[in-house]
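Chemist: Position chains S, X and D against the provided structure of chain B, taking the given hints into account.
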Amino acid sequence: MDVLYFAWVRERIGKPRERVETTAATVMELVAELKAREPRYEAAFADISALRVAVDQELADFDAPLDGVREVAFFPPMTGG
Amino acid sequence: MDVLYFAWVRERIGKPRERVETTAATVMELVAELKAREPRYEAAFADISALRVAVDQELADFDAPLDGVREVAFFPPMTGG
Amino acid sequence: MDIRVTGEVFDFAEQARGFSDGLTASGAVVTFSGIVRNNAAGTLERMEIEHYPGMTEKALRSIAQEACARWALEDVLVIHRHGVMRVGETIMMVATASRHRKDAFEAAEFLMDYLKSRAPFWKKEVCQGDAGDWVDARDVDEAALSRWNS
Amino acid sequence: MDIRVTGEVFDFAEQARGFSDGLTASGAVVTFSGIVRNNAAGTLERMEIEHYPGMTEKALRSIAQEACARWALEDVLVIHRHGVMRVGETIMMVATASRHRKDAFEAAEFLMDYLKSRAPFWKKEVCQGDAGDWVDARDVDEAALSRWNS
Chain B
1 MDVLYFAWVR ERIGKPRERV ETTAATVMEL VAELKAREPR YEAAFADISA LRVAVDQELA
61 DFDAPLDGVR EVAFFPPMTG G
Chain S
1001 MDVLYFAWVR ERIGKPRERV ETTAATVMEL VAELKAREPR YEAAFADISA LRVAVDQELA
1061 DFDAPLDGVR EVAFFPPMTG G
Chain X
2001 MDIRVTGEVF DFAEQARGFS DGLTASGAVV TFSGIVRNNA AGTLERMEIE HYPGMTEKAL
2061 RSIAQEACAR WALEDVLVIH RHGVMRVGET IMMVATASRH RKDAFEAAEF LMDYLKSRAP
2121 FWKKEVCQGD AGDWVDARDV DEAALSRWNS
Chain D
3001 MDIRVTGEVF DFAEQARGFS DGLTASGAVV TFSGIVRNNA AGTLERMEIE HYPGMTEKAL
3061 RSIAQEACAR WALEDVLVIH RHGVMRVGET IMMVATASRH RKDAFEAAEF LMDYLKSRAP
3121 FWKKEVCQGD AGDWVDARDV DEAALSRWNS
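Residue numbers (this note's numbering), protein chains in the order written: chain B, 1 to 81; chain S, 1001 to 1081; chain X, 2001 to 2150; chain D, 3001 to 3150.
Next up, chain B with everything else stripped away, as it sits in the complex (with noise of 0.2 Å):
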């Protein structure tokens, strides 16, 4: 699947997106193995509660089911408007 990053994810991660491999069953799996990778990865998803996260471009819960799943999104909390 497609694993994207946006905002200050995307710049500890130092990458926009980047394709996973993965049987990770929900997001939260997910988290676990990229976390598992490199130490800027563990950096950026060291406190989960301040991200957010889109499965398929829709707004979702870490325990969301990947099932099916084209592409995820990380990012901190939006500031539109």
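One or more of the hints may lead you astray.
[Claimed, not checked] Mimicking BS3-like on lysine-lysine, the simulated pairs with C-alpha atoms at most 25 Å apart in a straight line are:
1) Lys3058(D) <-> Lys15(B)
2) Lys1035(S) <-> Lys2102(X)
3) Lys2058(X) <-> Lys3124(D)
4) Lys1015(S) <-> Lys2102(X)
5) Lys3124(D) <-> Lys2124(X)
6) Lys2124(X) <-> Lys3058(D)
7) Lys2058(X) <-> Lys2124(X)
Hints were generated in silico from the structure; no laboratory data involved.
Modeler: Only chains S, X and D this time, still in chain B's reference frame:
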């Protein structure tokens, strides 16, 4: 004092303003004097709850005193905006 | 603060631009504009608004001053027409500017609520072939004021 | 309904006029516009807004559709910029049109409340000589949403 009429009050009484010599102590007493004049005043002031009053260009109650007042206006509830 | 009572047509967008261009500190601008609309039968020929010269500007200014006392506003604009208006013309507008949207929104709603029921304007709708009917005040407009007195 | 996400400067007043001119049944039009403001020290060089192409328009459209379901609106306009903005430029605007002012006001406030916290935009403020700071979401913006869920 000057007595002014607006909207359908003006139309019923048939003039926009007039000079009134009165010793009425309150707006209510002035209304009673005007009603005693002619049927068109009686008609205009028949239902006082449908009227509003301004004393010297400030919204007031019907029991407002008239001592020193120069201008009293009668009109229906306002419909601006 | 800019309060205008006018017998002339005015352009809402041009006034909104002028208001907005004059601001330096406000990140939030709210405008309201009221437009003459036809009735369901499409027979409205014109709207006529009578007002109370002298009291009108005083009442509008007092309402705007109250808004400035209640909310943190950089500026307030009120324009209200009187006289004859055609379908599609702008009857009146308010604009408010503040650092925060909540202040700008609430102040604009407050201005509208008070202006509807406490500024001396009276609307008459004249349809084809009639002498015109005075618009009745709506209970809902009077009730709207209670929001600001709690 | 007109939803636009753009990287270009736009003129709030011109868009407000276009919106207003397109209406036929609404007597009440409310607009909100957000403007880039300098900080207290006057050192803001630019604002940068990042967004999530694809999701952004979808989210804005869904918020606008929800507003149309809740209030009697003739039309809704949302324009939101992304990219680099200078002090004084318009960041975004909403406009709502209805027969009654209450619907137009509430719908505009609803759009703003949701757009602030539920549309994928992120603001960064870049001051003279720094690399920029991401603007923190405000608790008060999150709290504002509760008004619409009772």
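Chemist: Indicate, hint by hint, whether the structure satisfies it.
Modeler: Do the hints match the structure? See the list:
Note on Lys3058(D) and Lys15(B): the hinted pairing holds, with a Cα-Cα distance of about 24 Å set against a maximum of 25 Å. Taken as a hint, the Lys1035(S) and Lys2102(X) pair is broken in the structure, with Cα atoms around 49 Å apart against an allowance of 25 Å. This hinted pair does not check out: Lys2058(X) and Lys3124(D) have alpha carbons roughly 44 Å apart, beyond 25 Å. At most 25 Å may separate the alpha-carbon atoms for a hinted pair to count; Lys1015(S) and Lys2102(X) exceed this at roughly 46 Å.
This hinted pair does not check out: Lys3124(D) and Lys2124(X) have alpha carbons roughly 52 Å apart, beyond 25 Å. In summary, the hint linking Lys2124(X) to Lys3058(D) is not supported, as the alpha carbons are separated by about 44 Å, beyond the 25 Å threshold. Of the pairs offered as hints, the one joining Lys2058(X) and Lys2124(X) holds, with about 23 Å between alpha carbons and a cut-off of 25 Å not exceeded.
Of the hints listed earlier, those the structure fails to meet are numbers 2, 3, 4, 5, 6, in rising order.
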